[in-house]
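Colleague: From first to last, the protein sequence lines are chains A and B. Its first residue numbered 91, the first sequence is counted upward by one per residue in my numbering. Its first residue numbered 285, the second sequence is counted upward by one per residue in my numbering.
Just so you know, the hints here were simulated from the structure itself, not pulled from any lab data. Every residue gets a Cβ at the ideal spot worked out from N, C-alpha and C, and that includes glycine. Don't take every hint at face value.
Here are the computed lysine-lysine pairs in the DSS-like style, where the Cα-Cα straight-line distance is at most 25 Å [claimed, not checked]:
id, chain 1, residue 1, chain 2, residue 2
1, A, Lys-202, B, Lys-322
2, A, Lys-158, A, Lys-213
3, A, Lys-173, A, Lys-202
4, B, Lys-291, B, Lys-315
5, B, Lys-322, A, Lys-213
6, B, Lys-295, B, Lys-305
7, A, Lys-123, B, Lys-322
8, A, Lys-213, A, Lys-202
9, B, Lys-322, A, Lys-113
10, B, Lys-291, B, Lys-305
11, B, Lys-295, B, Lys-322
12, A, Lys-202, A, Lys-113
13, A, Lys-173, B, Lys-322
14, B, Lys-305, B, Lys-322
15, B, Lys-315, A, Lys-213
16, A, Lys-113, A, Lys-217
17, A, Lys-213, A, Lys-123
18, A, Lys-173, A, Lys-213
FRET-style restraints, in silico, Cβ to Cβ [unchecked claim]:
id, chain 1, residue 1, chain 2, residue 2, range
19, A, Gly-99, B, Lys-295, 50 to 60 Å
20, A, Gly-172, B, Met-285, 36 to 46 Å
21, B, Val-309, A, Lys-217, 28 to 38 Å
22, B, Gly-301, A, Leu-200, 24 to 34 Å
23, A, Lys-219, B, Ser-344, 11 to 21 Å
24, B, Gly-347, A, Lys-219, 40 to 50 Å
25, A, Phe-97, B, Gly-317, 38 to 48 Å
26, B, Val-306, A, Lys-113, 26 to 36 Å
27, A, Pro-209, B, Gly-317, 11 to 21 Å
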Amino acid sequence: MEISTRFYGRVNISEDNILTFNKGIPGFENLTKFILFEEEDIQDDFYYLQSVEEEAICFILLGVAALKEEYTDEINIYREGGKNDGYLVCNLTNADATVNLKAPIMIDHLDKTGFQMVPETSKYGIKTKLTEVIERG
Amino acid sequence: MLALTRKVNEKIIIDGGIEIKVLEVNGERVKLGIEAPKNISIYRDEIYVQIQNANMEAVSSVGIEQLRGVKNSK
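Just chain A, same shape as in the assembly (with noise of 0.2 Å):
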């Protein structure tokens, strides 16, 4: 099917890659099916999550393996064992760049399913610089 996107227009999907958001987003409740592109021309790290129902709804979000170690841990919890890959969600303006690491996204490739994390307490702030917490090649 084809879906129209915030960054790349109109795009061809393959159906069996959506990925459903039973419970959305927090503030967007009502978009439950999301589709993952990988950024290719940046780094390998960045990935795009578009809503297939808005086009004008994409989080740009980085890969979990981008993430020095320290940051790791309260993430590795919410992967349930490898069940789970994490995903930051990124703020990108043309001051600042910032990853919300207290509420990583998380989504199971098997099931097709996401959720975002919402911690009770978390140590990580919601505004954290991108450059404080990327492993440095």
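Starting from the known structure of chain A, arrange chain B on it as the hints suggest.
Modeller: Below, chain B without anything else, positioned relative to chain A:
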């Protein structure tokens, strides 16, 4: 809104499967105990609202080209 008055150690039950018990009242603070099935998400309102706001801001992100600068500064 439904308003119910409860004493310490009294409960309310929602939809048969969710129990909320008043554990402690101390001045302005009320401690609640909640028992619910694992698939029910329970959050303090302010944490959820904070994440909602962060997400709404994040979807206005500029394109990923902005990151070229970040990458080059490594």
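Colleague: Mind listing which of the numbered hints don't hold for this structure, in increasing order?
Modeller: Those not satisfied are hints 8, 17, 24.
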